[in-house]
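Student: Each chain, written out:
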Amino acid sequence: MIRKTSIAVVCCAVLSSVPLFAHHGGNLYDTTKAKVMKGTVTKFEWGTPHNQIYYDVKTDKGEVEHWVASTEPAGVMLERGWTRRSLKPGDEVTVYIFAAKNGATVGNLQKIVLADGKELTAGGPGPADAAQPPAGRQ
Amino acid sequence: MRTRGLAAAAFVVSVTAAPANVYAQAADPPNPPMDVSALKNFLPIGPPSPLPVSKVPDLSGDWTFGAGGFGQSLSAADPGGRMRGKEPDIPYQPWALQYTMKQFPPTGPDAAFERTTDPNIHTCEPLGLGRIYMAPAKLRFIQTVEAVYILHEIGPTWRVAWLNAKHPDDPDPQYWGHSVGWYENGDTLVVDTIGTNDRSWLDQLGHPHTEKLHFIERFKKQDDKTIRLDMTVDDPGAYTGPWPGVRNFTKSTTGFLRFQWVCSVRDNYEHYEKVGRTATPGETSFKK
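Those protein sequences? They're chains V and Z, same order as listed. In this text, residue positions in the first sequence follow this note's numbering: the first is 1, and each later residue adds one. In this text, residue positions in the second sequence follow this note's numbering: the first is 1, and each later residue adds one.
Bear in mind the hints are in silico, worked out from the structure with no lab data behind them. By construction, the Cβ of each residue, glycine as well, lies at the ideal position given by its N, Cα and C atoms. Don't take every hint at face value.
[What the hints assert, rightly or not] Taking CB as the label site, the calculated pair distances span:
id, chain 1, residue 1, chain 2, residue 2, range
1, V, Asn102, Z, Asp224, 43 to 49 Å
2, V, Asp60, Z, Gly255, 41 to 47 Å
3, Z, Pro88, V, Asp56, 45 to 51 Å
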């Protein structure tokens, strides 16, 4: 059930250009690079204030790490094509997250790729960034 | 100020598990140094007289955040909240600046979710004017002859902007105040609000307002899929002049209230426990 470890830290220009998420404590995550890992979904919570995706990752040492990735709330993810049935326990996935700076096994989801190649993105025209003021101002 | 003090006291009672220094932070915010009721607003209040003649713009549909996103700050110059306290377009009074900088925002560049003083996170206080647009939730307008009803997916809550109406002379201070509305130029709905209490934040960063807040919203239909909202904060109790906020909305087809964003203290705490705590060890004001 647990896939072989494949944790890689990838400097990803595309992902790092995604606007900062409004997740609570969003400044606690390293948004300069996405951590990419393969794992198995153990639980998918669909709701507010944010969705949570629980997944297990097997390390090179054979240990199992329990990760939690957070997304925007359900209403926003509906706009991005997600539903509460998008993920289910047992799904083998490749996860791209901005991980906690302190090494905790939590992070903000950027995208997730299912075993059949289907890609679910968590980014989009999200929270305003100071560098991108609304059109018509400044 | 009396109402802010009461709100702070209620907040303290509600989080009895919090450390003492967090109580002190929330219970003793700086207040405006005067009775704000005697102050005069900077801008004219209520509909112009005579009312402009305008066709009624069609605002039907569901509207979600568009270009620029939903943001952290109401400041038009700093929607991302990176210049908290130093925004070039917010003319703080000293107490309002002090109040803002003493808050622990739940989101944004200065987020301290584990210590947040946010009354919405802790006790699900209503988001209030301005801040209601900082959440990624849809809104819908119900336009009738006598009023425009603004329905918000978060809360869920709704407001009424009375058409062909004036504000009462002495409205009871309440979270959403008293709103009147009118149309302009065939493409714009103007909503003019007074009579709020002073318990809510104007945005995610803790910008305060007083009971003297006069809040103006101009919803301009730019095309069939876009509405631009220009907001003006006119509060002589907290700021030395009016200041602007901007948001854009785009039409959504995913269905209004398909997912109801009900504020739940339990959900807030659980999210923190599941995701926030491991990333933020140490002091917390959250219940265990």
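Student: Now look at each hint and say whether the structure bears it out.
Tutor: Checked hints:
The supplied range of 43 to 49 Å is met by Asn102(V) and Asp224(Z), whose beta-carbon atoms lie about 47 Å from each other. The beta-carbon spacing between Asp60(V) and Gly255(Z), approximately 45 Å, falls within the hinted interval of 41 to 47 Å. Separation of Pro88(Z) from Asp56(V) is about 48 Å and conforms to the stated range, judged on CB atoms against 45 to 51 Å.
Checked against the numbered hints above, the structure violates none of them.
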